[in-house]
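Enquirer: Sequence:
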Amino acid sequence: MRTSTPFIESTVDALEQVRLTSPLVHCITNSVVVNFTANALLAVGAAPAMVDIVGEAGPFATVASGLLINLGTPTPEQRAAMIEAQAGAASGNTPWVLDPVAIGSLPVRTPLAYRLRDLHPTVVRGNASEIIALSGMGAGGRGVDALDSVEAALPAARSLAETTSGVVAVSGAVDLLTDGARVMRIANGDALLTRITGGGCALGAVMAAFLAAHDDRLAATVAAVTVYTVAAELAAEKSGGPGSFGVAFLDALAAVDADDIAARASIS
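Counting along the sequence shown from 1, when you hit position 208 you're at 208 in this note's numbering, and nothing is skipped either side.
Hints in this document: simulated from the structure, not taken from any laboratory.
All values derive from a computational prediction rather than experimental measurement.
A portion of the hints provided could be inaccurate.
[Said to hold, decoys possible] Computed Cβ-Cβ distance ranges for the label pairs, DEER-style: (1) Glu-16 to Ala-181: 35 to 45 Å; (2) Pro-242 to Val-108: 25 to 35 Å; (3) Glu-16 to Ala-187: 29 to 39 Å; (4) Asp-118 to Glu-77: 15 to 25 Å; (5) Lys-238 to Ser-268: 35 to 45 Å; (6) Val-54 to Arg-182: 30 to 40 Å; (7) Pro-59 to His-120: 19 to 29 Å; (8) Ser-268 to Asn-93: 27 to 37 Å.
Where is the CB? At the ideal position from N, CA and C, for every residue including glycine.
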């Protein structure tokens, strides 16, 4: 796979900017991954804030550098806080990421995901089945597991990007990203990312951090995915399984640098 040099350069620049500015990332995310997500943000150089209380979520989103809305465990108060936070993000011109976890047939999160989709998220991140479901072209996967291939989700991803006027990132063995016109593929990462809790959800938060570091939404999203998946490769080389990988991954997020990206990134 050929590597796109301009995106390598913009990835390095974005990583340096994240570490220099420590963007404040407002996360409304699922209860299973709160700690791991906060630690991933700290490791990459950002500052996490887990604000999901009605009455606070909106005002906080106006001053945050980026916002993540993750539908993993959408309690009634979280659902209200999500809508409030999105309004705050719109008011404060804060970029935001929607992660439509496990949507499809589930009757609460699916209509909420459609409502949030129509509010034009800056980035939508999900697996192939979630992206197909959010676009209205399919029924979703098996809980958080995708039943569709990444490439099968390309038409849905393009359609969704046009609907939201944003970027869509489809996670898989080779990640696919599109703004509706441009299509990028990133062939980095390691399967151990799928064997720890929060491996995908934390990526959405890292995307929100990188959106604050680059004006080009697609370039920022490519940078976030590249840094995250190259760190996963570095961590896998130092771990013996999922338990040690989780720790090594946080270390790798903190240590990954320009040389690692130049040597390993596979972007086309």
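Enquirer: All hints, please: hold or fail.
Expert: Checked hints:
| no. | hint | result |
| --- | --- | --- |
| 1 | Glu-16 to Ala-181: 35 to 45 Å | violated (27 Å) |
| 2 | Pro-242 to Val-108: 25 to 35 Å | holds (30 Å) |
| 3 | Glu-16 to Ala-187: 29 to 39 Å | violated (23 Å) |
| 4 | Asp-118 to Glu-77: 15 to 25 Å | holds (22 Å) |
| 5 | Lys-238 to Ser-268: 35 to 45 Å | violated (27 Å) |
| 6 | Val-54 to Arg-182: 30 to 40 Å | holds (38 Å) |
| 7 | Pro-59 to His-120: 19 to 29 Å | holds (21 Å) |
| 8 | Ser-268 to Asn-93: 27 to 37 Å | holds (32 Å) |
Violated hints, in rising order: 1, 3 and 5; the structure is consistent with all others.
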